[in-house]
Amino acid sequence: MKEETKTDATAEFFGALAERGHAPLLEWAKGTVRFELADGKRVDHWHLVVDKGDLAVSRRNARAECTFRADKAVFDRIADGKVNATAAVLRGAVVIDGNMELLVQLQKLFPGPPAKRGRRRNGASGRRRT
Amino acid sequence: MSDGLVKILDGNTFVVSDSRGDIEGSLTDTTGLFSFDTRFLSEWVLTVNGQRLTPLSTDDLQYFETRFFLVPGTGTVYVDSKLSVIRRRAVGNGFREELQILNHDEKPVDLTVRIDADSDFADLFEVKDALKKKGTYSARVTDGRLVLGYQRETFTRATDISATAPARVDKKGLTFKTRIEPQGEWSTNLDVVTAAMGSEERRERPTFARPRGRQNMETNLKRWLDRAPTLECDWDSLRKTFRRSLVDLAALRFSPPIMGYRSLPAAGLPWFMTMFGRDSILTSLQALPFTPELAATTLRALGDWQGTRVDDFRDEDPGRILHEMRYGELTAFEERPHSPYYGSADATPLFVVLLDEYERWTGDRRLVRELEYEARAALNWIDEYADLMGNGYISYQRRNVKTGLENQCWKDSWDSISYRDGRLAGFPRATCELQGYAYDAKMRAARLAREVWKDPEFASRLEKQAADLKRRFNRDFWIADREYFALALDSDGKQVDALSSNIGHLLWSGIVEKPKAKAIARHLLGPRLFSGWGVRTLGTGEGRYNPIGYHVGTVWPFDNSFIAWGLRRYGFKEEAARIAAGILEAADFFDGRLPEAFGGYERTLTRYPVQYPTACSPQAWSTGAPLLLLRTMLGLEPVGDLLVVDPALPVGIGHVALLDIPGRWGRVDAFGRGRLSVGEKKALRQSQEAMPV
Chain A
1 MKEETKTDAT
11 AEFFGALAER
21 GHAPLLEWAK
31 GTVRFELADG
41 KRVDHWHLVV
51 DKGDLAVSRR
61 NARAECTFRA
71 DKAVFDRIAD
81 GKVNATAAVL
91 RGAVVIDGNM
101 ELLVQLQKLF
111 PGPPAKRGRR
121 RNGASGRRRT
Chain B
1 MSDGLVKILD
11 GNTFVVSDSR
21 GDIEGSLTDT
31 TGLFSFDTRF
41 LSEWVLTVNG
51 QRLTPLSTDD
61 LQYFETRFFL
71 VPGTGTVYVD
81 SKLSVIRRRA
91 VGNGFREELQ
101 ILNHDEKPVD
111 LTVRIDADSD
121 FADLFEVKDA
131 LKKKGTYSAR
141 VTDGRLVLGY
151 QRETFTRATD
161 ISATAPARVD
171 KKGLTFKTRI
181 EPQGEWSTNL
191 DVVTAAMGSE
201 ERRERPTFAR
211 PRGRQNMETN
221 LKRWLDRAPT
231 LECDWDSLRK
241 TFRRSLVDLA
251 ALRFSPPIMG
261 YRSLPAAGLP
271 WFMTMFGRDS
281 ILTSLQALPF
291 TPELAATTLR
301 ALGDWQGTRV
311 DDFRDEDPGR
321 ILHEMRYGEL
331 TAFEERPHSP
341 YYGSADATPL
351 FVVLLDEYER
361 WTGDRRLVRE
371 LEYEARAALN
381 WIDEYADLMG
391 NGYISYQRRN
401 VKTGLENQCW
411 KDSWDSISYR
421 DGRLAGFPRA
431 TCELQGYAYD
441 AKMRAARLAR
451 EVWKDPEFAS
461 RLEKQAADLK
471 RRFNRDFWIA
481 DREYFALALD
491 SDGKQVDALS
501 SNIGHLLWSG
511 IVEKPKAKAI
521 ARHLLGPRLF
531 SGWGVRTLGT
541 GEGRYNPIGY
551 HVGTVWPFDN
561 SFIAWGLRRY
571 GFKEEAARIA
581 AGILEAADFF
591 DGRLPEAFGG
601 YERTLTRYPV
611 QYPTACSPQA
621 WSTGAPLLLL
631 RTMLGLEPVG
641 DLLVVDPALP
651 VGIGHVALLD
661 IPGRWGRVDA
671 FGRGRLSVGE
681 KKALRQSQEA
691 MPV
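Protein chains in written order, with this note's numbering: chain A, 1 to 130; chain B, 1 to 693.
A hint or two may mislead.
[As the list claims (entries may be wrong)] When the alpha-carbon atoms are kept at most 27 Å apart in a straight line, the in silico DSS-like pairs for lysine-lysine are as follows:
1) A:LYS52 / B:LYS454
2) B:LYS464 / B:LYS454
3) A:LYS30 / B:LYS454
Because the hints were derived from the structure by calculation, they are not lab data. Nothing here was measured: the structure is a model prediction, and the numbers come from that model.
I would like the entire structure built from these sequences, with the hints used as guidance.
Laid out in structure tokens, this is it:
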């Protein structure tokens with residue numbers, strides 16, 4: 001087996017989700033998602049259970065209400081914010097089977113593009129006039 | 001149709017054809033079968049024995065169905081044909097066309113009937129901007145069907161064409177050979193099915209659903225109309241306008257693929273059949289007393305897609321409500337930011353406003369609890385992300401400078417925000433109505449926090465912020481010597497001092513201090529803003545005023561409906577009724593279907609409203625305008641579990657009864673009689689006697 005020299009964005013992404021354990025953005029979402037990520041001849045499996053915002057991540061190869069299929073290379077880029085998940089679905093780089101509503105919840109978990117140097121929230125310091 | 005094109009649709013699938021039913025689209029010609037922002041047919045041409053056809057008449061049966069009566073041959077002065085050709089087309093998942101040919105002769109006739117079909121699979125944006133395609137095309141014949149395809153990397157789209165009568169199918173179309181006996185007929189169904197999303201590589205083949213049945217859609221429309229309140233009134237024109245609004249609203253319903261079968265109002269037909277934050281919210285607000293379920297879906301869908309990250313390409317921030325969603329190729333390849341695009345400065349506060357207004361009407365606290373997180377995130381966006389100048393006001397400036405929107409308020413044309421002398425304001429721009437929406441959002445959220453979320457501390461904080469905002473706003477935006485609010489503050493915090501219709505939205509939001517309201521009402525109904533039909537977007541005498549300038553002088557029915565609501569909020573019943581009367585009389589000239597905008601010319605000068613040429617009709621918020629005006633005239637206001645009715649109707653409208661208004665009270669009726677004299681007219685026009693335009 002090839003040795004992995006680069007960091008694995010996909011594993012980091014799921015690792016961070018597992019660590020987080022809870023996402024308030026998904027407070028009203030409930031369901032299971034199966035990820036099939038093709039890496040050459042191998043297919044990596046991830047399994048995500050969302051229950052009222054609680055997240056449980058595993059490597060189980062189990063059935064789910066929604067299946068998310070992509071090349072691992074594509075998912076790596078989604079996981080580090082370089083590719084937009086919704087656009088990837090529109091162009092067929094990601095294929096969703098099953099409950100599409102879960103996808104909408106799921107896309108909230110993906111990060112934005114890597115931050116540009118020194119971007120602030122507000123243009124100015126946030127000082128209020130009174 | 002004014003442009004000679006025939007449009008029918010279902011959701012975001014629609015057909016634009018010429019009056020023969022033919023499609024000959026190109027990058028500069030907008031005819032075609034469109035679905036999910038992609039053109040699936042750019043050629044669909046019928047010939048009989050090699051001849052094109054001539055239209056005798058076109059019947060728009062329903063918004064999703066049209067019938068074309070045709071005869072063979074073209075270019076003759078008169079028609080003397082022994083053949084009739086009828087095409088009846090209904091849009092579903094693609095479309096179904098019933099083609100029927102009648103032979104009126106005493107002799108049999110041998111016919112070669114041909115449909116030429118092709119697709120350029122253009123993205124809507126490509127049609128608008130005439131761009132070149134990057135993928136490859138295919139055409140194959142399988143199982144007696146013609147399948148047209150397009151592929152660019154993993155992006156695939158396909159059009160599947162089949163017929164019920166025996167046909168010879170080739171890669172460019174279908175040919176039928178038939179003999180029709182004297183007084184006989186021949187017919188076939190042509191099914192065109194679109195396939196999008198998913199990838200052909202990974203699936204055996206795309207799944208082609210059957211077109212939805214016409215029967216279904218008819219039942220659906222009937223149910224929609226039955227569930228809405230009934231209007232009884234003496235004024236024929238108002239009844240017609242009301243019905244037109246409800247039917248058009250049905251046509252404008254759009255079910256995003258991710259929303260199950262629930263629907264929300266799209267922005268306009270046909271080019272804007274998609275989720276728009278601002279348009280979907282404002283139309284839902286207008287329609288609340290009539291079809292509250294639109295608001296529920298709008299809130300859910302926009303909540304689901306609320307921004308969660310900082311993304312400059314999409315102008316996305318955490319808590320921001322989207323501006324526009326698109327599904328075409330350019331969006332799919334991130335060449336356009338609409339997946340979705342967030343460049344709107346008003347949708348976020350308006351989201352909170354709609355949530356509160358929805359609860360006041362329906363009592364649906366469950367949804368308010370479900371969306372607590374989203375509402376809080378929206379309020380947080382106002383304070384933490386929208387205040388670009390650090391002066392405590394919402395302002396906007398796009399971060400995506402290539403394909404983002406420069407103007408992120410409803411007046412989104414390049415020249416809409418100007419000083420009195422005609423200079424344009426620089427960016428960021430803090431337009432005044434945004435501050436009103438922010439104030440209203442905070443006040444309404446405070447009520448929700450106290451009554452539903454049980455967080456009185458948050459409620460107090462919001463109220464304090466709102467009071468502070470109101471005080472500062474009335475100081476910083478008020479032009480004392482002219483007695484109105486500036487259109488905006490510029491990037492230096494200076495007043496952009498043109499007189500505009502935006503001041504009417506300020507009344508609606510409640511941010512105007514009482515003593516100033518009278519002057520605002522006087523301006524709105526004064527000669528510089530009021531044309532006799534409605535309030536102009538920009539006052540006459542302003543540097544950029546132009547009666548047919550998109551946002552600098554035309555009258556927008558939607559704008560006026562919110563202004564009328566605002567006038568009532570401050571107790572100006574008669575002024576509100578005058579605006580309602582003007583807009584509803586204008587509607588009569590457009591057969592009950594108000595355009596997006598019409599000219600700002602003096603009513604006494606033109607006598608009829610001059611239509612502004614726009615691509616989209618009906619437009620959702622113009623469709624909603626008569627509904628909100630009705631609410632305003634009847635003075636409908638939910639108070640606790642009751643609906644208060646306080647009618648203030650113009651003379652000449654006669655008796656008005658709105659029956660079965662749905663809400664937390666169940667269903668109630670409202671009655672009113674016209675008593676207010678609203679101008680030079682003694683009575684409102686009874687029917688459409690003047691020229692249509």
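Now for the hints, and whether the structure bears them out:
1. Proximity of LYS52 of chain A to LYS454 of chain B is assessed by CA-CA distance (about 20 Å); at most 27 Å being required, the pair is judged to hold.
2. Between the alpha carbons of LYS464 of chain B and LYS454 of chain B the distance comes to roughly 17 Å, so the proposed pair stays at or under 27 Å and holds.
3. For a cut-off of 27 Å, the pair hint linking LYS30 of chain A to LYS454 of chain B stands: about 25 Å separates their Cα positions.
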